[in-house]
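Starting from the structure of chain A, add chain B where the hints point.
Protein chains: 2
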Amino acid sequence: MRSVAVVGIGKTAFGAFPDRDLRSLAVEAGQKALADANAQTSQVEAFYLGNFAGPSFVGQNHLAPYVAAGMGIVGIPATRFEAACASSGSAFFHAVSAVAAGLYDVVLVGGVEKMTSQTTPKVTEILAGAGDLCGEVRAGATFPALFAMIARRHMYQYGTTREHMAAVAVKNHQNGAKNPLAHMRKVITMEQALNGKPIAEPLTVYDCSLISDGAAAVLIAPLERASEFTSKPVRVLGIAQASDNVALDEKEDITTFRAVKTSAAKAYKMAGVQPSDIQFAEVHDCFTIAEIIAIEDLGFVTKGEGGPYTLAGKTCIQGELPVNTSGGLKSKGHPVGATGVGQICDIAQQLRGEAGERQVTRNKLGLAQNLGGSGATSVISILGAA
Amino acid sequence: MRSVAVVGIGKTAFGAFPDRDLRSLAVEAGQKALADANAQTSQVEAFYLGNFAGPSFVGQNHLAPYVAAGMGIVGIPATRFEAACASSGSAFFHAVSAVAAGLYDVVLVGGVEKMTSQTTPKVTEILAGAGDLCGEVRAGATFPALFAMIARRHMYQYGTTREHMAAVAVKNHQNGAKNPLAHMRKVITMEQALNGKPIAEPLTVYDCSLISDGAAAVLIAPLERASEFTSKPVRVLGIAQASDNVALDEKEDITTFRAVKTSAAKAYKMAGVQPSDIQFAEVHDCFTIAEIIAIEDLGFVTKGEGGPYTLAGKTCIQGELPVNTSGGLKSKGHPVGATGVGQICDIAQQLRGEAGERQVTRNKLGLAQNLGGSGATSVISILGAA
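Sequence lines, in order, name chains A and B. Residues in the first sequence are numbered consecutively from 1, following this note's numbering. Residues in the second sequence are numbered consecutively from 1001, following this note's numbering.
Pulled out of the complex, with its shape left as it was, chain A reads as follows (with noise of 0.2 Å):
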């Protein structure tokens, strides 16, 4: 297999955007993307792109073909990846395998959801579409719930507590508020977050990640090609899919999510590197839980600790392990088909230096961990300086 590089980077702010459409969003990320790479949309041997519910948001489906070519592209395999929230982590973890396989040399990976169209109740259902809808949704459970559950169970077994949570928010706020394209730039105090109001609890609207309108993309190529492109090419040194059953009652352990671990462990073994190396990490923080839950999940604190460890600020920027450094789902937003391709953005944005007042000092080792749903599917990426 080929070493393959992130050669081009490309996001569009992520925010409530009413005037604009979804295929607008996934073109303007795509061609920035190409122009970072000062790559010809004539050098795209095949799109994929990351896209959960366009048809349920805005009625658009068929989408591959759609946005190639708004950018001019035809000719060449346009695919639309669902994975529910992991939608692009998958379109980016096929393509990159892609590209190492030999398969093709130049492939752009998109990722785009439009979701501030519909009201909060209707968003709200069709997220429940990535749960189990003959089982815990016909039981009434929502995201929210299903995460409060997730919570509850962490505190009882963990004593993880409402401050540790909090303290994934005021840190995701505080990042988020120094990135220009994030989609709530507002940093929160840990009183305000405690105080937030109840969604599910122990959950307030402080611990839920937002619902937003955005698009990502990335150019990928061989490393061997990647000077054609660019002078900063990021090296994809580990990159790995996997699945587990969708319902949170069919789950042995609701507290952990096994998905994470299997991809992690394979990531981490094709990269060749240990948790301990990483050096700061874009993870999905769809729920401040999900973001404790993510530390411990990927080795980089043991079962229990992730809460501690964040309240005690090592997750800053300034700290020992700083993660989601762009803001997070919490902060920078979560259109859903374009988060996991956004954190491979935000990661290759720190490894090329171009991070401005949130630079991390160690850029040389960073992890992008996207889940699907309450853990049916995980997509972890290693990605490093090339």
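These are computed hints drawn from the structure, not numbers from a lab. One or more hints might be untrue.
When the alpha-carbon atoms are kept at most 30 Å apart in a straight line, the in silico DSBU-like pairs for lysine-lysine are as follows [unchecked claim]:
{"id": "1", "chain 1": "B", "residue 1": "K1314", "chain 2": "A", "residue 2": "K251"}
{"id": "2", "chain 1": "A", "residue 1": "K303", "chain 2": "A", "residue 2": "K261"}
{"id": "3", "chain 1": "A", "residue 1": "K178", "chain 2": "A", "residue 2": "K251"}
{"id": "4", "chain 1": "A", "residue 1": "K122", "chain 2": "A", "residue 2": "K251"}
{"id": "5", "chain 1": "A", "residue 1": "K122", "chain 2": "B", "residue 2": "K1122"}
{"id": "6", "chain 1": "A", "residue 1": "K269", "chain 2": "A", "residue 2": "K232"}
{"id": "7", "chain 1": "B", "residue 1": "K1251", "chain 2": "B", "residue 2": "K1269"}
{"id": "8", "chain 1": "A", "residue 1": "K32", "chain 2": "B", "residue 2": "K1251"}
{"id": "9", "chain 1": "B", "residue 1": "K1261", "chain 2": "B", "residue 2": "K1314"}
Just a sample of chain A residues kept apart from chain B, beta carbon distances all over 10 Å, derived [claimed, not checked]:
{"id": "10", "residue": "R153"}
{"id": "11", "residue": "E250"}
{"id": "12", "residue": "I254"}
{"id": "13", "residue": "Q274"}
Because the structure is a prediction, the values reported are computed rather than measured. The beta carbon of each residue, even a glycine, is placed where N, CA and C say it ideally should be.
Relative to chain A, chain B alone:
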């Protein structure tokens, strides 16, 4: 690249199954494919699932891990592919490419759709999501209307008649009547076909494919390992996917599908064969005119000759080039996401000599053509007895 073989096939019946849910259909097809290959679930290294609009038809998203777990398969990459009516053709293309490149050995590829729980107007609306919502669909076009325009232009440009299109319907119903898994096992006469209820002039109800529930699956593996699974492996000789503009009004010529020509040329080249070498085919007759255009675009007949060729009986089971011996989308049914992999099963069945009274005599080389929307995606697969 390694040679890839289809080592197991499985299909549900296509039809209207009010008592079956989406997952159970997909699981049934997957289990049948595994059983046909004498394979265990533990041998499956990745799961590729084609589905067009499960979330819109029945609300369920995140389908690939959901279906995989329904078969007891977890811990592997399980991903949904969407490319409108070519969704599972695209899943098959990506899966075959991955095995050819050495990424995996044993991969399960499925396709599923559950459409009949919605009313016909709602189905028509959901299907329209495969068109350009900001253009042609906003202007009032449904897919029958788009293909009616295509038919009108083909009639004007090449002298194609309603009899030519009706001949497609009569032939496909004749074949489907003999297919135990077909949705509408009913022979129709030319007179019936010509006097069907108008849907979108010049198309009548007999020119339109069916709204169906159903699933299909195949197990694939490297050819060198095929004998572990079956004594009748089917070899994938050539395969390609291509894209084009989505909107009809953005195409230069609506009597031909550029993506079909592009992908067919690639697949023929990969297989090292000519159109005249193909002995039988399953083509995407979402409307009768689409079959006429398909046999032209695939190079089986010269442009404009598709209608007369069909009316002359050349594409019947006993004809010189049997087309849609399964009954096609017209009579077998068109559970959108299942159609692409369903075609692969149908071709494999002929290659294995298991098509019963529909068996063709020249059965060494078959082609499947799976079309998305009004031609924005095309997947061509050329299969041969190994």
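- request: Kindly indicate which numbered hints from before are broken by the structure, ordering the numbers from low to high.
  value: 1, 3, 11
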